[in-house]
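The numbering of the sequence shown is our numbering, which starts it at 16 and goes up by one.
You may find that some hints are simply not true.
[Stated by the list, open to error] Taking lysine to aspartate or glutamate pairs in the EDC-like style, the calculated list, with each CA pair at most 20 Å apart, reads: (1) Lys281 <-> Glu227; (2) Lys298 <-> Glu314; (3) Lys138 <-> Asp264; (4) Lys240 <-> Glu285; (5) Lys322 <-> Asp274; (6) Lys344 <-> Glu285; (7) Lys135 <-> Glu227.
Quick caveat, the hints were computed from the structure, so don't treat them as lab data. None of these values were measured; they are calculated from a predicted model.
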Amino acid sequence: MEELNQEFIQYIVAGIILLIVCFVASFYILKRVGKDPNNILPVNFANRIRVPLLIFLGSLLLKIAIIGRLFSFEYTYTIVGRLSTIGIILSVAWFLIIFLKVFKAQMLKKYDVDTEDNLKARKVYTQFMILENIIIFIIVLLAVSIALMTFESIRSVGVSLLTSAGIAGIIIGLAAQKAIGTLLAGIQIALTQPIRLEDVVIVEGEWGKIEEITLTYVVVRIWDKRRLVVPSTYFIENTFQNWTRQSADILGTVFIYTDYEIPFDKLREEQTRLLEATPLWDKQVNVVQVTDATEKTVEIRLLVSAKDSSTAWDLRVYLRENMLKFIQKNYPESLPKTRISIPAQKTLEDS
């Protein structure tokens, strides 16, 4: 017995030393590899993997101790065996999640969402973001399930529950149909992509950009920095406007109301001059049209184009202000006015 305890202590000491050596060597190698920009591993990969690596190595040494029958009490084998198994399962799941994130980061390096023509980049970013959430959810679910199944009592409960799976399935399905529908909507958004990251949308009468897409909800960043949180099912079941579905460029309109005396050709010349003087215009569309005429005013539509909706808004504001200044300065008589005609009264002499 004394020899066994001495052997056990020796193993513990040797195991701790071996654990430290293996951990330090692995950490050093991963850190060195991460410093080379040509490698697939990111620079901070060693720091991200050190905790699961330590759990994995410790659990592995405990497994070796169990195989070598180095513990004194039988119940120790049961406790340590389960702990080491759970440690290996969870650390492997942790590894998989980290490698998944590394793979996603490497794949997305080819795409830059900050460029002007970023339609393909936003499409890929959206797909990877949602699919990453799905895969992580599956990995965690499988890891927890496998870890719990190492306990015989839980396994027996699971077997007994299978006999009533039909009734339980119906009850759970009815109770969780909204949650399941939301998850399926998130998956459908990833595959069909009615929206993508940084898409400009009109949702519930609010103008904003898609900031975040998860499996269950979407965050829309409103123009005044508010955040609109919308369930994923909304974009599957409801009609909404997506201004950047195919491309980011967009037409902007400005309506001006003037008197009938306004010279339309002069307005066209001034609009061309204003557009050529600003970088907001993409040099594609430049139109002045009389779209309506009432008994009091004429409606003039200024139609211009810009590279995206934010620029189009700024261009419309710029054009509206400067065109009004032009009319006020050069044709003040053409501003909207109401005419009243008073017929001349007959004098006594005329009668």
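Against which earlier hints does the structure fall short, listed by number upward?
1, 2, 4, 5
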